[in-house]
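S.K.: Make a model of the complete structure from these sequences and hints.
Letter by letter, the chains look like this.
There are 2 protein chains.
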Amino acid sequence: MNAAWWKNRRVLVTGGAGFLGSNLCHALAGLGARVTALDAMFEEGGANPRNLDGAGVMLVRGDLRDTELHSLARGADVLFNLAAQTSHMGGQKDPVADININAVAQVRLVQVMREVAPGARVVHASTRQFYGRPLYLPVNEMHPVNPPDANGVSKWAGEQYWLLESRVLKRPVVSLRLTNCYGPRLRIRDAKQTFLGIWMRRLLENEPFEVWGGEQLRDLAFVDDVTAAFLGAAEHADDARVNGQVFNLGGAPPVSLRDLADLCIAANDGRGSFSTREFPADRAPIDIGSYHADDAAFRAATGWAPQVPLAQGLRRTLDWYRERLEDYL
Amino acid sequence: MNAAWWKNRRVLVTGGAGFLGSNLCHALAGLGARVTALDAMFEEGGANPRNLDGAGVMLVRGDLRDTELHSLARGADVLFNLAAQTSHMGGQKDPVADININAVAQVRLVQVMREVAPGARVVHASTRQFYGRPLYLPVNEMHPVNPPDANGVSKWAGEQYWLLESRVLKRPVVSLRLTNCYGPRLRIRDAKQTFLGIWMRRLLENEPFEVWGGEQLRDLAFVDDVTAAFLGAAEHADDARVNGQVFNLGGAPPVSLRDLADLCIAANDGRGSFSTREFPADRAPIDIGSYHADDAAFRAATGWAPQVPLAQGLRRTLDWYRERLEDYL
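Listed in order, the protein sequences are those of chains A and B. All residue numbers for the first sequence refer to my numbering, where the first residue is 63 and numbers rise by one. All residue numbers for the second sequence refer to my numbering, where the first residue is 63 and numbers rise by one.
It should be emphasised that the hints constitute simulated quantities derived from the structure, not laboratory data. Treat the hints loosely; a few may be bogus.
[What the hints assert, rightly or not] With a Cα cut of at most 27 Å, we get these calculated DSS-like pairs of lysine-lysine:
no.: 1; chain 1: A; residue 1: LYS232; chain 2: A; residue 2: LYS155
no.: 2; chain 1: B; residue 1: LYS155; chain 2: A; residue 2: LYS232
no.: 3; chain 1: A; residue 1: LYS232; chain 2: A; residue 2: LYS69
no.: 4; chain 1: B; residue 1: LYS232; chain 2: A; residue 2: LYS155
M.R.: So, in structure tokens, the structure goes:
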């Protein structure tokens, strides 16, 4: 990461009050960038107004589907594009809203960016989820796309519109297909952002938590490492090896959910307990089994590597919430 | 093809006044099916009211985005889903309309079909175009998806919503990714449906035509073979090897555009001429080079194989238009 590069850069972060977006905003502000955060503040999503406390960035509440975007995007040097409907179940319940948010509204943003920020770099937050149940592990970028739900379809489409901006207009664009991420500012009220959110809440409230399945592998990424990846992607976006590419982004070496549960308890000074149960039948279609990313391409192209071991990241996360739990319930 | 299977079947054909849809309607009516054709009759698309002359099917003019679909779909045994915005350039000019037609409206149709035709089989007309510039030839179904334009993004998304109906609800669904198709009822007014349309028009009007490039390979599919593939796909849609699958559909053995131009002139009794020019620079991003399909999977699963040699298909096409040219200009 090249701190000097960011000084006085004009940066727009969509989804800027969400988990990853807000962490990115804090980092950008610390580097001296001039940051605008846009967020629709969906009740069911990852946004929390407290996420930007102390960051010193401007938060604009607005929905990509209908907000006046020209003034927000005008003259931006970098767009970090994290706004999305990310709920699997939400996509099944209202697939029209899902595609309108994740794809149609992205087309709108693409067009505005052509008009008012034609030179801006774009880093798009994408997801492992549209790979579906992996055909092989680790999953590299050549893995076929087999979305397990409507949300995977819309997220893929939104990503592709941005990649076209690189192919057709030569705009520097990078898409990061993220694995499960965790850390401070994750939604922990429930399991809507990730299962790890509700595990954290239960641990902090001294309640047992539930592990669905247990043998599935996951490669969790600590949010500071994800933030570094976003910054690095933007800095390298005009490199020929990076521009127009999708990159899988992994995290810690894969662990089973059962081992992860044990690590969580250890990170909570040994306090806590969990039970295991079968993956619920009504969610079986979106149970993708084990996943871990092959992120060698991104490491080679940018020099990025995750720095925070899982045990340390879990402890830092629990410690962070312990001081402000009520803001996140 | 199993003629008896179709007797009295209730069939809805979206895009039923278009090139492929209308040919399918004629075949279905001939087999004794009860056919409803739905078509938005877009000015720039493949629909022509004369396409259904003599077919004996009911044509409903309506747009999937807003037409009342329940009454049309209620009790259908089979849905042939061919309605789409298929223009590459149209997708670039108005990508919001493009995704609304090809993906959001498809979600709407999916939901209506759940309500009023939960047991219907669905054959979705998909396209080779979102494979982009082939990484290898022939292109099989494992080829990565790299849409060269917005229209490829929206067509892929629309297909995926139907595949989810198979994965999640076990509805029999098949998607056929078509190569360039030709034959009677193709739009020949201009090149909006395929370059071959305008070649045919020029030949029939005794004018020279233009070949862009010339060395690119194409595997053209004659419309009667495509119709047979749609019927076979529906008949086999509940087979385990077919349900929920995408299949590439090819046609005649690949020929270069230059050789195809010579074949067209031969099929016109040796009358006609053409010039070659570079692929226009403003369309270079959507120039995908050579394409031919590996359709071995569909042949193995259904027994389908193309029957009409290219020379014969071209002659039949030209003869058909010669008698009704003014209806298609």
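S.K.: Determine for every hint whether it applies to the structure shown.
M.R.: Hint check results:
no.: 1; hint: A:LYS232 - A:LYS155; verdict: violated, 37 Å
no.: 2; hint: B:LYS155 - A:LYS232; verdict: holds, 18 Å
no.: 3; hint: A:LYS232 - A:LYS69; verdict: holds, 25 Å
no.: 4; hint: B:LYS232 - A:LYS155; verdict: holds, 18 Å
Of the hints listed earlier, the one the structure fails to meet is number 1.
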